[in-house]
Structures are given as structure tokens and as C-alpha cells.
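In order, the protein sequence lines correspond to chains F and X.
Counting from 1, one number per residue, gives the positions in the first sequence under the numbering used here.
Counting from 1, one number per residue, gives the positions in the second sequence under the numbering used here.
Hints listed in this document are in silico derivations from the structure and should not be mistaken for laboratory results.
Note that the coordinates shown come from a computational prediction; the quantities given were computed from them, not determined experimentally.
Among the clues, some could well be false.
Estimated spans, in silico, between C-beta atoms of each pair [stated by the list, open to error]:
#1 Met37(F) with Lys85(X): 25 to 31 Å
#2 Lys133(F) with Lys85(X): 55 to 61 Å
#3 Glu171(X) with Arg148(F): 33 to 39 Å
#4 Lys85(X) with Ser257(F): 27 to 33 Å
#5 Asp166(X) with Leu246(F): 36 to 42 Å
#6 Ile235(F) with Gly42(X): 58 to 64 Å
#7 Val41(X) with Lys263(F): 38 to 44 Å
#8 Asp34(F) with Glu171(X): 38 to 44 Å
#9 Lys85(X) with Lys33(F): 35 to 41 Å
#10 Ala2(X) with Phe238(F): 53 to 59 Å
Using N, Cα and C, we set each Cβ at its ideal position, and we do this for glycine too.
Here are the chains, one letter per residue:
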Amino acid sequence: MIQQILFLLVAALGIGLFVWQVRKIRANILKGKDRVMGGSVSERINKTLLVAFGQQKMFKRITPALLHLVVYVGFLVINVEVIEIMIDGIFGTHRALSFMGPVYDVLMATNEILGALVIVAVVALWWRRNVQKVHRLSAGVEMRAWPRLDGNIILYVEIVLMTALFTMNTADLKLHQLEGVDLPGSFPISSLLVGLFPENVTALHALERVGWWLHILGILAFLNYLPSSKHFHIIMAFPNVYYTRLVPQGQFSNVDSITHEVKAMMDPSYQVPAGPVDADGNPVVQRFGAKDADDLSWLNLLNAYSCTECGRCTSVCPANITGKLLSPRKIIMDTRDRIEEKYESPLIFRPNQYNGEIGAESEDGSLVRGKVTPEELWACTTCNACVEACPVNINPLDSIVEMRRYLVLEESAAPHSLNVMFSNIENNGAPWAFSPSDRFNWAEELYVAEK
Amino acid sequence: MADLAARGEQPEVLFWVGCAGAFDDRYKRVTRAFVRILEHVGVKYAVLGMEESCTGDPAKRAGNEFLFQMQAMQNITTLDGYAIKTIVTACPHCFNTIKNEYPALGGNYEVIHHSTFLQQLINEGRVKVQGGESYKGRRITFHDSCYLGRANDIYEAPRDVLAALDADLVEMKRSKANGLCCGAGGAQMWKEPEPGKKDINIERTEEALATLDGNAAALENLYGVESGNAGATPAKGNGNGIIAVSCPFCMTMMSDGVKNKERESSVQVFDLAELVASAEGLNA
Ligand code: SF4
Ligand code: SF4
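With the sequences and hints as input, model every part of the structure.
In C-alpha cells form, the structure reads like this:
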């Protein structure tokens with residue numbers, strides 16, 4: 001009875017805290033500008049099934065894809081056992097799902113095998129991170145102390161959770177063996193481990209409880225660690241993929257306010273619709289492009305909370321490969337750090353301030369120039385490689401273009417040669433300084449050549 | 001186009017030449033090659049000539065949305081004035097902009113990139129790709145333009161065109177959706193690259209050259225290619241070959257790269273239209 005009350009208290013606390021964190025993050029994301037979505041629901045659901053559930057884009061790289069798949073499937077299946085743990089915790093039952101008979105056998109066996117595979121995969125992932133030092137996981141200014149520690153913490157927690165599970169099962173199994181009764185379920189791994197456990201009934205009872213509590217406490221703690229971590233992607237990947245832009249990647253967004261302005265210039269009778277107004281009915285001064293994180297759209301901010309910091313984007317970025325400052329992953333991580341710097345950080349840990357590292361501190365407290373330098377932004381070739389590479393369909397390019405718009409339209413701060421290009425287009429209708437009257441010269445040469 | 005309109009005629013397609021196609025000396029040769037193909041197969045086409053203006057692509061990618069929309073609206077007015085329905089262009093940037101970004105501003109056309117157009121001509125048998133220069137046994141590698149490939153999912157059309165040439169097609173390790181940019185997109189064409197270890201076009205040219213040379217060792221450890229998606233290791237080549245492109249900016253970038261590597265004598269950069277034209281005996 002006391003255990004049941006304790007369990008309910010802990011679970012309510014853990015889940016409540018998690019909900020509180022998620023609500024704060026939701027509020028942060030909604031600080032972004034509105035965005036018209038378009039696209040059909042069925043198309044979106046398809047994408048989500050394929051990319052988020054189906055891990056489609058992970059399989060561009062086979063080794064990490066398989067390792068990740070094991071952990072991912074393990075996570076999904078072991079959740080069934082977690083449900084049982086919850087039921088047992090609330091009602092004080094023991095192995096509440098065992099009424100399912102043979103199905104339960106299969107379930108427990110699958111769980112155990114996946115659990116063992118998860119441990120193997122996690123060790124391999126740890127190896128890639130810390131011994132092999134895979135370039136994209138360790139290199140880059142954005143991979144400061146916290147992101148690197150975070151990557152490892154997740155792996156350690158997985159090990160602890162799996163160990164707790166096996167401790168619980170093995171102790172339980174041995175208890176039943178000593179008492180000469182059958183434990184429902186089938187435990188291929190734990191039955192190998194029983195030999196390692198003591199013959200003492202009290203100790204086994206204690207071990208079983210320790211395993212049980214460690215597992216459930218671990219899960220609740222981990223749940224509350226998620227929002228501070230790149231591991232938050234296990235939740236965010238789904239809405240993020242669902243809201244993917246469904247237009248061709250080459251199609252950039254339009255700025256509607258500019259469309260109205262241009263139309264009015266070309267046709268004086270054009271009626272410009274009234275712009276947005278604030279609570280007092282005064283027109284809101286709109287900013288072109290994005291200077292700060294909340295000038296971006298909510299989709300860009302959702303992106304920022306979905307990033308797994310895997311660096312696949314950066315590792316295919318032509319600018320980054322050739323040694324330029326630009327790293328699309330940094331753009332995404334900076335956005336997340338900035339929105340939490342500007343609004344209250346909803347997180348228990350403050351990743352962006354860990355170890356005294358606060359990223360680039362904003363001189364004028366904004367995203368552009370504060371964290372992201374114009375040099376990074378101007379290095380982008382808009383090639384879409386980062387967009388293509390991201391396993392959770394994040395679009396760093398979209399944010400980059402918004403920030404360029406700010407630099408050009410609000411600050412007129414484009415590099416000189418681009419300003420020259422702009423004025424060529426304005427005056428000559430071509431980005432080069434050629435006269436429009438020479439536009440047809442190629443045809444004369446054709447004619448000459450044919451003679 | 002104005003002449004045609006004056007005669008009350010309507011072309012089958014409007015050939016959108018693009019600024020590079022009209023002004024860049026190297027790409028003017030591509031424009032002419034494409035026009036020769038059009039005339040050869042008897043497609044009724046027209047060009048806007050002096051009435052054409054920049055699509056606004058470089059302005060938009062550089063963040064100058066205002067200038068972009070001015071250009072776009074102007075061009076839409078011109079195109080609509082002639083009641084244009086179908087546009088073909090050799091520039092993936094013009095293609096992408098007119099196809100994807102003009103509709104929101106009121107410009108709706110069927111837009112075809114010349115690689116797709118050439119593929120159709122070949123499929124229909126209107127272009128035979130024989131009778132002129134033979135590419136049998138020559139090594140060709142195709143460099144995907146970002147604005148054709150990733151931006152618009154066109155990967156097969158240019159490859160089909162090259163396959164029709166009967167050449168020895170070799171794929172770079174980073175190709176199709178994993179292709180590496182030539183370094184010119186997003187208005188980079190008009191500015192110096194930011195400081196770094198090397199320029200993007202050099203990195204890409206090195207990869208193309210190594211592929212043509214069949215030098216697989218040089219292709220190991222490319223960033224961004226971890227495993228799984230690598231093409232078959234190409235057999236040793238003789239150091240000669242062709243880098244095929246389908247974009248004026250890729251053309252400039254790859255040509256500069258080949259020059260930088262001092263390989264102009266053995267490796268040439270050609271646009272699809274030029275390859276088809278010369279295979280057809282329509283030499284410029
Ligand atoms: S779109 Fe820009 S940031 Fe993304 S990979 Fe290409 S150059 Fe890098
Ligand atoms: S943006 Fe996508 S590809 Fe880049 S690090 Fe984040 S999750 Fe990985």
C-alpha cells in the first residue's frame with residue numbers, strides 16, 4: 001500500500017513536471033510568426049509514417065541507421081512493459097499483463113532480446129562518439145560541452161534503464177525458481193543471468209524492487225530530462241515531420257507585404273489590404289525578414305526543438321566542407337538557444353548556459369549578429385543539401401534566407417558586390433553590367449556562324 | 001516574339017534564354033546549340049529578345065525580396081501580354097523561379113527545363129543523336145545542378161539524354177540527391193566566397209576529375225558520404241573525359257575548376273544541349 005501511494009506521488013510529480021516543461025516550450029514555439037501551411041492531411045500523414053515512424057531518411061547511412069533502428073524499436077516495444085509497470089505500480093499487482101498467456105511469453109521474450117540488442121547498439125553508438133570520434137558528432141563550434149555531454153548522458157541512461165529491467169526480471173525469475181513456482185512469461189536473457197544472483201530470498205526481493213523502482217524512476221527522470229536534450233526529438237520529430245513544407249525544395253516563401261507594395265507601385269489603383277493591428281488598433285510595424293528568433297516562423301522554431309544535433313546537415317554542406325564558417329546545425333541550435341535566452345528558459349537544465357558557455361553572447365541581444373554572423377549567412381549557396389540530409393525534415397535554409405532578408409531589406413547590409421548585382425538587375429534587367437540592348441547578340445553570332 | 005505576335009502567330013514554346021544564356025560568352029554557345037536543335041526538329045519557338053529581363057532569382061536568394069518581385073511582376077506582364085503558355089529554358093534557376101515562384105504572383109505557365117525537353121525529343125525519335133560526333137567509349141560524368149535536382153527532383157532526364165549518347169557514363173560518389181553544389185547558387189555567382197580552406201568549385205571539380213580518372217582512392221573519405229550510398233568504383237580511365245552540366249553557373253564553376261587544376265587539355269565541360277547538338281551533327 002505504501003508503495004502504491006509512493007508510486008502515485010512520484011508518477012504524478014514526474015508527469016506533471018514534464019507537462020509543465022512542454023507547455024513552456026509550446027509557448028516558445030508560438031512566439032514565431034504565423035505560417036500558411038497548405039498541403040493535404042493525407043500527404044502529411046504519409047510523410048510522417050515514412051520519415052518519422054519509418055526512419056526513411058536515416059537509411060542514407062547504413063551503420064548509424066541500423067544502430068538507431070535497434071534503439072528506436074527497442075524503445076517502442078519496451079514501452080509495453082512500462083505500461084505493465086505502471087499498472088502494477090498503481091494497483092499493487094504483479095505482472096498484470098500475464099493473463100495474456102502465450103502472447104505475454106512472446107512479448108517478454110521480444111522485450112528481453114531487444115533489451116540486449118539495445119545495450120549492444122548503445123555501446124556501439126558510444127564508441128562512435130567517443131573513440132572513433134565520428135567527425136560530424138564531435139567537430140564544430142556548436143558542439144560545445146553540453147551537446148557533447150548530452151549525447152553521452154542519453155547513452156548512459158539507456159544502459160541504466162536496461163540494466164534495471166534485467167535486474168528486475170532476473171531477480172523475479174530466481175525468486176520463483178526458489179519457490180518452485182512458474183513465473184509467467186519467457187525470459188531468454190534473464191534465465192542466463194540467474195546464476196549470478198544470490199540464493200537469498202530477502203536479497204532477491206530487494207533486488208527485484210530496486211530494479212522495478214530504478215526503471216520507473218529512471219523513466220520519469222529521463223522524461224524530464226528530454227526537454228533539455230537533443231533527445232527531445234523522440235517526441236518532436238513527429239509534429240516536425242508532419243508540418244514539413246510540401247512544396248518543391250527550390251520554392252522559397254513569398255513576403256506578402258512586399259507583394260502588396262509592388263502591386264500598388266505597378267498599378268496605383270491597387271487596394272493594399274490593411275496590415276495587422278495591435279490590441280489598441282494601431283498598425284504593427286512589420287519587420288522584413290528575421291532579426292531575432294521570434295521573427296522566424298513557428299515552423300522554424302519547431303525545427304529548432306526537433307534537432308537531434310546529428311550534424312548530417314553540416315556534413316553535407318558545401319560551405320562547411322570547404323572550411324567556411326557556415327554550419328546549418330549551428331543555425332538551428334543558435335535559434336533554440338536564443339529563443340530560450342529571450343523568453344524564460346522552460347528547462348530544468350539550462351543547456352545553453354552549461355559550463356559557463358553561453359554561445360556567442362548577443363551584443364545587441366538578437367539572433368542575427370548576436371549569435372549568427374552575417375559571414376555565416378552569406379556563405380550559403382541555397383543548395384538544399386542540408387534540407388535533404390536532415391532525418392527529421394528540418395529546413396535550415398528557410399531560416400538562413402529569412403535572416404538574409406533582414407540584412408538586405410532592413411539594414412542594407414549585403415556584401416558590396418551583391419549590391420552591385422542588385423543595381424545591375426534594377427538598371428539593366430540582368431545581374432551583370434550589360435546593356436539590355438545587347439541581349440539578343442547571341443543570335444547575330446548564330447547567324448554569322450551559319451554563314 | 002514581338003515579330004511573331006505582329007504576324008498574329010503563336011509559338012509552340014517560348015525559349016527563355018536567361019541572362020547567362022544571353023550575355024555569358026561561354027553559355028551563348030549553349031543557347032545557340034539549343035536553338036539549332038529547336039530548328040532542326042522544327043519546333044515553332046520564339047524568344048523574348050530584348051523584352052526578356054532577369055527572373056529575379058539571384059535577388060531573391062540574396063534576400064532582396066523587393067527587387068525579386070519587381071522583376072517577377074514585370075516579366076509576368078510581358079509573358080501574359082503574349083499569352084505564353086509553355087516555356088522552355090536551359091537555366092535551372094530561371095526554371096525554378098518561373099515554375100515555382102511566379103504562380104503565387106499570378107504567373108502560371110508550363111515550364112520545362114531543356115534536359116527534360118531534350119529527353120522528350122530523343123524519346124519521340126525527333127532527335128537521333130547520331131550522324132555527328134560520336135561519344136562512344138568517352139567517359140562522361142554528370143554534375144547535378146542543385147536547382148534541377150534537389151530543388152525540383154529532376155535527376156533522370158539529364159542522365160537519359162547522356163545515355164542516348166552511347167557514352168561511358170560514370171557517376172560521382174556524391175550525385176543525385178547527394179550531389180555537391182558547384183558553389184554558385186544563392187547569388188554566390190556574384191561575390192567572392194567567404195574565407196575557408198578552399199573554394200567549393202575546386203572541391204567539386206576534384207571529385208569530378210577523380211571520377212573521370214577512375215581514381216577511387218582519391219574519393220575515399222568525402223565529407224557527407226559515410227557509407228551505403230556510394231556508387232560503384234569506376235574503372236581506371238585514361239585521364240580524358242567530359243564533365244556534363246545543365247546549368248550556366250555550373251558551367252562557369254566547373255570550367256574554372258578544370259582550369260585551376262590545369263586539366264583543360266584533357267577534360268572538357270559541356271552542356272547537355274551542346275553534346276546533343278554535336279552528336280546530331282549540328283556543330284556550332
Ligand atoms: S543550403 Fe546553405 S546551409 Fe544548407 S547545405 Fe547548402 S550551403 Fe549549406
Ligand atoms: S538540422 Fe537535422 S541534420 Fe542538422 S543536426 Fe539537426 S537533426 Fe541533424
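State the violated hints by number, sorted upward, taking the hints as numbered earlier in the document. none
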